Amino acid sequence: MKYAVITGASSGIGLAASVELAQKGYAVIGVGRDEARCEQAALQIRAAAPDANIRFLCADLMQQREVARVAHEITEILLQEHEGKLDALINNAGCVRSWYTTTEEGYEQQFALNHLAGFLLTWFLLSQLGRAGGRVLMTGSESHKQFRMRWHDVMFSRGYNPLAAYKQSKLSNILFARGLNDRYQKDGVRAYVVDPGLVCTEIGCKNTGGLVNWIWNMRKKHGAQPEVPAGTYGYLCETEPAPEELYYYRCKPNRYSKQVTRENADRLFALSERLCGVEYPSAIVTEKEKTI
Amino acid sequence: MNVMITGASGGLGRALANECGRRGYNLFLTDIDARGLKSIQRGVERQFNVTVTTAACDLTSDESVDELVRSIDSLGIRFDMLLNVAGVDYEGGFLERSGRDIVRIISLNNEATLRITHALLNRRREGLPFYLLFTSSLASMYPMPLKATYAASKRFLLDLAVALREELRDKRVNVLALCPGGLATTREAMRGIAAQGFWGSATTNPLEVVSRKTIDRLEARGGIYIPGALNRVLTFFGKLLPRRWVAAAIYRRWQKAQEHWKPAELSAEKL
Ligand SMILES: NC(=O)c1ccc[n+]([C@@H]2O[C@H](COP(=O)([O-])OP(=O)(O)OC[C@H]3O[C@@H](n4cnc5c(N)ncnc54)[C@H](OP(=O)(O)O)[C@@H]3O)[C@@H](O)[C@H]2O)c1
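Residue numbers (the numbering used here), protein chains in the order written: chain V, 1 to 292; chain Y, 1 to 271.
Be careful, since some hints might not be right.
Claimed, not checked - Ranges of calculated distance between the beta carbons of each label pair, as one might list FRET restraints:
{"hint": "1", "chain 1": "V", "residue 1": "Arg-262", "chain 2": "Y", "residue 2": "Gln-255", "range": "55 to 63 Å"}
{"hint": "2", "chain 1": "Y", "residue 1": "Gln-255", "chain 2": "V", "residue 2": "Gly-25", "range": "49 to 57 Å"}
{"hint": "3", "chain 1": "Y", "residue 1": "Thr-51", "chain 2": "V", "residue 2": "Arg-262", "range": "29 to 37 Å"}
{"hint": "4", "chain 1": "V", "residue 1": "Ala-47", "chain 2": "Y", "residue 2": "Arg-244", "range": "54 to 62 Å"}
{"hint": "5", "chain 1": "Y", "residue 1": "Gln-255", "chain 2": "V", "residue 2": "His-152", "range": "23 to 31 Å"}
{"hint": "6", "chain 1": "Y", "residue 1": "Gly-93", "chain 2": "V", "residue 2": "Lys-206", "range": "26 to 34 Å"}
I should point out that these hints are in silico values taken from the structure, not numbers from a laboratory.
These numbers come from a predicted model, not from an experiment.
All C-beta atoms in this analysis are idealised placements derived from N, C-alpha and C, irrespective of residue type, glycine included.
Using the sequences and the hints given, assemble the complete structure.
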């Protein structure tokens, strides 16, 4: 049995992806922020996949200490049940904020959750992924196009604009995946970004207000159901040999921004390492090799 | 520039810490929440090349403040700026709250602010200007039923700021009273804004803009800073009407908002 970790599995796209992987026989470790919503989601997954091996861990992934805690819990589970191996990590938790809001570290919330949380969680789980030759998937978005990183102020402390901050966080997802491949493809770990298309979820109505809420309520009506993009997650986790491209829409490679260059990816890596207080190794070392 | 920020692990405190860090100021951060302090310290240090010192302190306690002052003195720090941000806001009817909770509003918003302000003014850097911020609120502009004590405590800060500004002018102390409307700092605050519907969103001020302009104003001249054109207009017309009428109108508005929104969720929220 393969093991998958899916963040933001308590609703929307993450929930549908969890169902998809549970049906394909994965043991799924879902991460959500709210206990009651997680329980509800577990019920839904079991209803769709009766012998699913599914459990939820609760963490507010915007806060770095919570990422650290939940990473530790995941590591324990993998060690006890799966020889410390992780086959798939899906960094999907995301949010939209109408206003400039910060985390405990004082980081802008969309950047912190949509990008930094996945960056840090992946760092914690890197050797587990290495042992399994695992795959890292990010939920990106078409909206990353026609946008450049605001290197001078990634936290938008000047001229905050909800959509711009969101776009930047989604461009970061691709840069992060590119950076992972540049570093660890040689070690057997692959990273991908899923473009889910427009999906009918509640993302634009959680902790938002006024205009953002209103616009999203209009927009989401034109979106597909979350089950539609879910297949792409199954495809990217399962297909052998590993698919070659970086960015996928409905199981097919898709075009992405020209901003996704090695240089920008390295720059984002360096910045994110500093903001998370960690350093990615130049190669994945699993403990076995370490002791030799 | 050495800056002390109280209530530094709350939403506005963190935004001001970022703003100062971005300007290259060194920070001394305090809050009752020690863990939150460590987080914002890490965040500011990782983003900006400045020195950040933290000390957890219960500003409502004389002993705790004495200890804070001792540690400042042992480090020999002199300050150029004090940003008084710490404050509480217990929502809801006067009689629905415990007497202690209500008195606590004054203990923190007023007594504690006086305690730390007095101590820091005496530890300002010799011969240089000093910048002093009081975080009042739009609520200071009118008597506010259902937030009666809170609004009065903020009125206290407003008047204090205006008076001290004159009194300390020739000592080169700039004093600013910041009077924001809603600030979307916490999930509860965001829910509160949403519950007030149109007026909630319309009177909400963008946190990052408020933070930047607050420091700009404080350094330029002090005075009273009411962010947002709509808030300034409402304040202006509010002053033309008898205070009793304004209070009655506010009472109606809050009552309606509270039907959508459990005030208990807001208790002890940092402003
Ligand atoms: N919907 C679209 O059209 C669309 C398009 C492109 C990309 N995306 C991306 O798809 C991803 C999923 O979005 P969605 O549309 O499925 O929205 P969603 O239904 O709101 O799902 C977001 C998930 O993240 C969780 N979450 C939110 N804040 C969290 C926090 N602080 N800590 C931990 N978990 C948290 C949510 O938990 P709760 O269940 O408790 O809210 C939920 O499970 C996002 O990255 C989004 O950017 C969506």
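Evaluated hints:
no.: 1; hint: Arg-262(V) <-> Gln-255(Y): 55 to 63 Å; result: holds (59 Å)
no.: 2; hint: Gln-255(Y) <-> Gly-25(V): 49 to 57 Å; result: holds (56 Å)
no.: 3; hint: Thr-51(Y) <-> Arg-262(V): 29 to 37 Å; result: holds (35 Å)
no.: 4; hint: Ala-47(V) <-> Arg-244(Y): 54 to 62 Å; result: holds (59 Å)
no.: 5; hint: Gln-255(Y) <-> His-152(V): 23 to 31 Å; result: violated (46 Å)
no.: 6; hint: Gly-93(Y) <-> Lys-206(V): 26 to 34 Å; result: holds (30 Å)
The structure does not agree with numbered hint 5 stated previously, though it agrees with all others.
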